[in-house]
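Build the full structure now, drawing on both the sequences and the hints.
Protein chains: 2
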Amino acid sequence: MIRKALERYIPAMQWGKTYNKDVFSGDLIAAVIVTIMLIPQSLAYALLAGLPPEMGLYASILPLMAYALFSSSRYLAVGPVAVVSLMTAGALGSMGLQGSEYAAAAIVLAFISGLMLLVMGVFRLGFLANFLSHPVISGFMTAAILLIAASQIKHLLGIQAHGRDMVTLVGSLWQNIGQINPATVFISASSIGFLIWSRKGLKPFLQRFDLGPMLTTILSKTGPLVVVVVTTLATWLFGLNDSGVRIVGTLPQGIPPLTVPDFDAELWGKLGMSAFLISMIGFVESVSVAQTLAARRRQKISPNQELIGLGAANVASALSGGYPVTGGFSRSVVNFDSGARTPAAGAFTAVGILFAALFLTPLLYFLPKATLSSIIIVAVLSLLDFSPLRKAWEYSRPDFAAVAVTILATLVFGVKTGVSAGVVLSLALHLYRTSKPHIAVVGRVPGCEHFRNIHRHDVETCPHLLTIRIDESLYFANSHYLEEYVLDTVADSPELKHVILMCSAVNDIDMSALEALEEINSRLKSAGIKLHMSEVKGPVTDRLKHTGFFDELSGELFLSQHEAFAKLSCN
Amino acid sequence: MIRKALERYIPAMQWGKTYNKDVFSGDLIAAVIVTIMLIPQSLAYALLAGLPPEMGLYASILPLMAYALFSSSRYLAVGPVAVVSLMTAGALGSMGLQGSEYAAAAIVLAFISGLMLLVMGVFRLGFLANFLSHPVISGFMTAAILLIAASQIKHLLGIQAHGRDMVTLVGSLWQNIGQINPATVFISASSIGFLIWSRKGLKPFLQRFDLGPMLTTILSKTGPLVVVVVTTLATWLFGLNDSGVRIVGTLPQGIPPLTVPDFDAELWGKLGMSAFLISMIGFVESVSVAQTLAARRRQKISPNQELIGLGAANVASALSGGYPVTGGFSRSVVNFDSGARTPAAGAFTAVGILFAALFLTPLLYFLPKATLSSIIIVAVLSLLDFSPLRKAWEYSRPDFAAVAVTILATLVFGVKTGVSAGVVLSLALHLYRTSKPHIAVVGRVPGCEHFRNIHRHDVETCPHLLTIRIDESLYFANSHYLEEYVLDTVADSPELKHVILMCSAVNDIDMSALEALEEINSRLKSAGIKLHMSEVKGPVTDRLKHTGFFDELSGELFLSQHEAFAKLSCN
Chain A
60 MIRKALERYI PAMQWGKTYN KDVFSGDLIA AVIVTIMLIP QSLAYALLAG LPPEMGLYAS
120 ILPLMAYALF SSSRYLAVGP VAVVSLMTAG ALGSMGLQGS EYAAAAIVLA FISGLMLLVM
180 GVFRLGFLAN FLSHPVISGF MTAAILLIAA SQIKHLLGIQ AHGRDMVTLV GSLWQNIGQI
240 NPATVFISAS SIGFLIWSRK GLKPFLQRFD LGPMLTTILS KTGPLVVVVV TTLATWLFGL
300 NDSGVRIVGT LPQGIPPLTV PDFDAELWGK LGMSAFLISM IGFVESVSVA QTLAARRRQK
360 ISPNQELIGL GAANVASALS GGYPVTGGFS RSVVNFDSGA RTPAAGAFTA VGILFAALFL
420 TPLLYFLPKA TLSSIIIVAV LSLLDFSPLR KAWEYSRPDF AAVAVTILAT LVFGVKTGVS
480 AGVVLSLALH LYRTSKPHIA VVGRVPGCEH FRNIHRHDVE TCPHLLTIRI DESLYFANSH
540 YLEEYVLDTV ADSPELKHVI LMCSAVNDID MSALEALEEI NSRLKSAGIK LHMSEVKGPV
600 TDRLKHTGFF DELSGELFLS QHEAFAKLSC N
Chain B
60 MIRKALERYI PAMQWGKTYN KDVFSGDLIA AVIVTIMLIP QSLAYALLAG LPPEMGLYAS
120 ILPLMAYALF SSSRYLAVGP VAVVSLMTAG ALGSMGLQGS EYAAAAIVLA FISGLMLLVM
180 GVFRLGFLAN FLSHPVISGF MTAAILLIAA SQIKHLLGIQ AHGRDMVTLV GSLWQNIGQI
240 NPATVFISAS SIGFLIWSRK GLKPFLQRFD LGPMLTTILS KTGPLVVVVV TTLATWLFGL
300 NDSGVRIVGT LPQGIPPLTV PDFDAELWGK LGMSAFLISM IGFVESVSVA QTLAARRRQK
360 ISPNQELIGL GAANVASALS GGYPVTGGFS RSVVNFDSGA RTPAAGAFTA VGILFAALFL
420 TPLLYFLPKA TLSSIIIVAV LSLLDFSPLR KAWEYSRPDF AAVAVTILAT LVFGVKTGVS
480 AGVVLSLALH LYRTSKPHIA VVGRVPGCEH FRNIHRHDVE TCPHLLTIRI DESLYFANSH
540 YLEEYVLDTV ADSPELKHVI LMCSAVNDID MSALEALEEI NSRLKSAGIK LHMSEVKGPV
600 TDRLKHTGFF DELSGELFLS QHEAFAKLSC N
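Chains A and B, in that order, are what the protein sequence lines are. For the first sequence, the working numbering assigns the number 60 to the initial residue and increments by one for each residue that follows. For the second sequence, the working numbering assigns the number 60 to the initial residue and increments by one for each residue that follows.
Fair warning: there could be bad hints in the mix.
Remember, identical chains collapse to one label, so a pair may be satisfied in a single copy or spanning two.
[As the list claims (entries may be wrong)] Cross-link-like lysine-lysine pairs, in silico, DSSO-like; alpha carbons within 27 Å at most:
| id | residue 1 | residue 2 |
| --- | --- | --- |
| 1 | K584 | K556 |
| 2 | K626 | K589 |
| 3 | K584 | K626 |
| 4 | K584 | K359 |
| 5 | K359 | K596 |
| 6 | K63 | K76 |
| 7 | K589 | K450 |
| 8 | K596 | K450 |
| 9 | K556 | K359 |
| 10 | K329 | K475 |
| 11 | K450 | K584 |
| 12 | K596 | K495 |
| 13 | K80 | K280 |
| 14 | K626 | K475 |
| 15 | K604 | K450 |
| 16 | K495 | K359 |
| 17 | K584 | K495 |
| 18 | K589 | K359 |
Since the hints were made in silico from the structure, they are not lab data.
This is the structure in structure tokens:
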């Protein structure tokens with residue numbers, strides 16, 4: 060009984076039973092490769108979030124272990140990611156906090172976000188993410204990537220700049236462009252060049268040396284690590300920090316600290332909305348990656364269990380000095396491709412990062428910030444994709460409007476406003492569309508039982524009879540529209556005796572629409588016209604019967620439009 | 060050209076052409092009767108709004124003339140009404156203003172509301188009112204009536220009380236219940252008694268005196284005027300104001316002052332939302348009354364022209380020392396029943412009220428406030444109707460939730476929160492419902508071309524073939540749901556070779572849903588299952604063709620489900 064309940068929420072209890080040496084070796088190799096990727100990334104993304112680099116490492120230890128225990132996805136690699144780091148910077152940056160207060164707020168943000176995800180998981184509220192439409196998500200991602208890239212330019216050039224929106228940021232960069240530091244630019248340019256080359260060129264290059272497939276694969280992912288090592292050594296050897304190259308400096312060495320989030324009601328209130336958006340965006344992106352990877356091996360994931368996994372990871376992050384985490388796209392793909400078979404790969408990665416936190420941090424003293432920015436900028440720009448804009452333009456102008464507004468609002472007003480504007484606009488456009496539904500006057504296609512739009516087809520009609528097909532569920536936002544449409548159409552036809560509402564596409568009728576139908580019925584009645592209905596769906600009929608509407612109806616209820624036409628038409 | 064444009068916006072230019080003596084006499088009699096009703100009501104509603112009584116008179120002169128010029132409704136009687144007066148009190152009461160500042164803010168409120176209505180009229184934005192669902196409107200009206208009644212109790216009992224929400228109001232009344240003033244209670248009780256009797260009893264009583272039908276009709280509406288005259292005289296004769304009966308006191312005498320609204324950006328910002336709600340609620344109620352009355356004589360009104368008429372009335376009110384006005388329910392019915400034929404009746408009423416403002420105000424010095432409260436309470440309680448609650452409970456729980464939440468939120472948190480909560484909840488429930496659409500697996504009804512739910516009917520199916528009918532348009536909020544439904548259903552059927560999506564009830568497919576269909580197609584393809592579609596509507600097919608989706612589709616597009624079944628089934 061208890062075991063079953065536990066198994067439901069802790070998938071690790073199931074896959075753990077069949078864990079064996081084969082699976083272990085797959086997981087281990089994947090973990091080594093992901094660790095190599097994650098060490099520089101975690102430092103870099105912490106920098107992007109405006110946090111000390113070690114918080115990136117802390118966010119890559121306990122959260123990975125917690126996620127391994129609770130996740131339903133076998134391949135998703137969680138940890139600090141670029142977009143969530145940008146959102147963290149956006150949420151905290153506007154609060155005017157400094158140093159340890161800023162870091163403490165990041166911990167609180169992870170904690171709130173974790174709690175929200177857990178609550179949504181337990182109460183199966185994952186469907187809320189469905190209201191983030193595809194145009195909003197893709198527009199937001201495009202804008203976020205541009206913002207991230209812009210925010211790194213100051214590190215790449217070694218100048219000062221500030222701002223969390225595009226306008227301020229670009230203006231500030233422009234003002235300080237004169238302070239460009241040549242040594243920094245040299246580090247950035249060579250790092251970016253090497254990283255771009257290593258994405259595609261490193262593996263073929265290594266294959267020349269006959270190192271065996273496994274070592275080749277592992278080494279081919281070391282591009283970021285190589286630039287970290289090389290630029291750190293160069294900075295140390297040539298004393299580049301004295302020439303104005305900004306370095307990471309002293310990082311604390313040791314296991315992650317145990318942190319207790321600040322329980323300050325005002326702070327929680329201010330961070331609530333940001334935590335919600337971070338949770339939602341992180342969840343949507345994670346689930347999308349996890350589903351794609353699971354489908355490749357005909358496996359399934361449970362979105363609600365993912366909420367619990369991600370929630371546990373964020374709570375763990377908050378308790379161990381980290382900041383908000385979620386599933387990373389490229390890291391998960393590498394994890395999958397490197398042969399990971401279970402979430403244990405994530406736990407092994409955590410051990411690797413722990414090792415780094417214990418022993419490697421002193422070696423990073425001379426690591427240039429420009430190197431980390433180079434890693435960020437190469438990672439995110441490879442994800443930049445403007446095709447949704449073009450596709451939306453071709454397919455649907457409202458969807459295009461949603462993408463465009465989300466991108467612009469995110470760039471100009473920042474992350475929170477951008478996503479909110481996109482969601483509100485998507486909903487408003489959807490509601491506007493359904494508030495003016497497609498309504499057609501239909502007639503019978505000669506010789507068969509089909510009824511089609513009189514404006515599109517050559518059909519049989521009758522001057523005493525008007526058949527109106529409504530192509531939308533009837534609810535408050537469109538019930539007045541229907542009322543006006545019917546009464547206006549009727550006013551133009553003096554010979555009319557019967558109006559049939561053909562309801563084949565009406566999936567629901569709410570109370571406002573019911574009132575409207577009653578109104579239409581009584582107005583037509585007083586004009587001597589009978590109102591009939593045809594092809595009303597079963598569940599809708601059941602509910603209308605219950606209200607006595609059909610007793611009031613001046614005409615009849617026909618099962619099929621054909622029946623109605625046969626009985627009422629003058630032909 | 061110019062004349063035509065003018066005629067479009069000024070309906071008076073059309074009905075004015077055929078104006079004659081017959082129509083004039085009908086309008087005049089109606090105007091006399093409405094004036095008799097309106098004098099005490101306008102004073103009383105100004106009191107309800109927390110304003111000096113003369114502002115009620117001012118709001119009943121110029122606004123009526125402006126409305127007569129621009130309205131498309133022939134019978135709607137505009138002026139101060141109870142619910143809008145309550146909303147005015149709610150909007151201004153929370154701002155901590157006193158005396159002339161409070162009155163100035165009321166004038167600004169009328170001005171903003173008038174501008175909003177005009178803008179909505181010119182840009183044909185009347186459809187926005189459709190988002191006020193029937194449950195929200197009726198819930199709000201019920202709560203508003205209860206709040207109005209509660210707010211008048213202090214005047215009826217002659218005690219002090221404060222509060223704009225039910226809890227504060229009742230608590231405050233309870234605390235001060237000991238200060239009840241016997242003379243005031245006597246005036247209230249006898250006024251209320253007489254008013255209730257006069258609603259039904261006055262006309263039959265007058266008929267005994269053989270005064271002729273016209274005079275009888277006019278006199279039968281004088282109930283409120285009689286209590287005003289009698290209680291004013293009694294207070295003066297017996298010096299009841301010395302016994303603690305609170306009186307109206309000195310009212311200014313003369314034509315309405317010319318007022319220029321305060322152009323204070325901060326004030327406008329604070330009043331914007333309230334002005335919008337007042338405009339919307341006033342508009343919805345006015346149009347509903349106007350439509351009902353127009354239908355009785357087979358006439359039509361134009362909702363967008365009504366926006367212009369009501370907008371002009373409110374701007375006129377703001378320019379002549381008034382406060383927000385709209386169409387009144389009972390007053391309009393009386394206007395119609397008394398024989399009004401054109402909006403000129405409203406203009407004649409305005410002349411009557413002007414006469415009152417010029418000559419009658421000194422006579423109202425001793426008018427007890429309790430008398431005005433008695434008039435308000437009898438007027439609003441006759442409109443109280445709990446039937447929407449019962450009806451919604453029986454018909455639809457989501458609609459019931461919307462009514463109940465609107466009532467409770469309005470009573471507890473006030474007017475603005477109440478309406479907003481209702482609108483947001485209605486939209487959320489609608490979106491939630493469409494985010495989990497009805498989806499059925501269907502099979503063929505033996506011997507015919509109909510396809511029905513396999514769980515409801517005894518139908519033919521085939522193990523290689525799964526047909527899924529979706530009873531909702533596909534958009535971002537339900538596209539993931541569909542994706543999961545299809546993939547989950549497929550995962551349970553190892554023999555499956557073909558999946559058909561039957562789209563007879565799909566009126567639209569947005570870009571998120573298109574992505575989901577592409578995803579379903581590619582996942583099924585990789586599992587060796589073909590995806591087909593049937594009965595896709597014309598406009599939807601056209602747009603999908605444009606995207607090349609059908610080229611990617613692993614299966615076929617069938618015009619009818621019958622065709623698809625005939626070709627793919629194993630039978």
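Quick rundown of the hints versus the structure:
{"no.": "1", "hint": "K584 - K556", "result": "within (10 Å within a copy, 53 Å between copies)"}
{"no.": "2", "hint": "K626 - K589", "result": "within (13 Å within a copy, 42 Å between copies)"}
{"no.": "3", "hint": "K584 - K626", "result": "within (19 Å within a copy, 47 Å between copies)"}
{"no.": "4", "hint": "K584 - K359", "result": "between (56 Å within a copy, 16 Å between copies)"}
{"no.": "5", "hint": "K359 - K596", "result": "neither (34 Å within a copy, 32 Å between copies)"}
{"no.": "6", "hint": "K63 - K76", "result": "within (14 Å within a copy, 84 Å between copies)"}
{"no.": "7", "hint": "K589 - K450", "result": "between (47 Å within a copy, 25 Å between copies)"}
{"no.": "8", "hint": "K596 - K450", "result": "between (35 Å within a copy, 22 Å between copies)"}
{"no.": "9", "hint": "K556 - K359", "result": "between (57 Å within a copy, 20 Å between copies)"}
{"no.": "10", "hint": "K329 - K475", "result": "both (12 Å within a copy, 24 Å between copies)"}
{"no.": "11", "hint": "K450 - K584", "result": "between (49 Å within a copy, 23 Å between copies)"}
{"no.": "12", "hint": "K596 - K495", "result": "both (21 Å within a copy, 17 Å between copies)"}
{"no.": "13", "hint": "K80 - K280", "result": "within (24 Å within a copy, 95 Å between copies)"}
{"no.": "14", "hint": "K626 - K475", "result": "neither (59 Å within a copy, 52 Å between copies)"}
{"no.": "15", "hint": "K604 - K450", "result": "between (45 Å within a copy, 13 Å between copies)"}
{"no.": "16", "hint": "K495 - K359", "result": "between (39 Å within a copy, 20 Å between copies)"}
{"no.": "17", "hint": "K584 - K495", "result": "within (25 Å within a copy, 37 Å between copies)"}
{"no.": "18", "hint": "K589 - K359", "result": "between (54 Å within a copy, 20 Å between copies)"}
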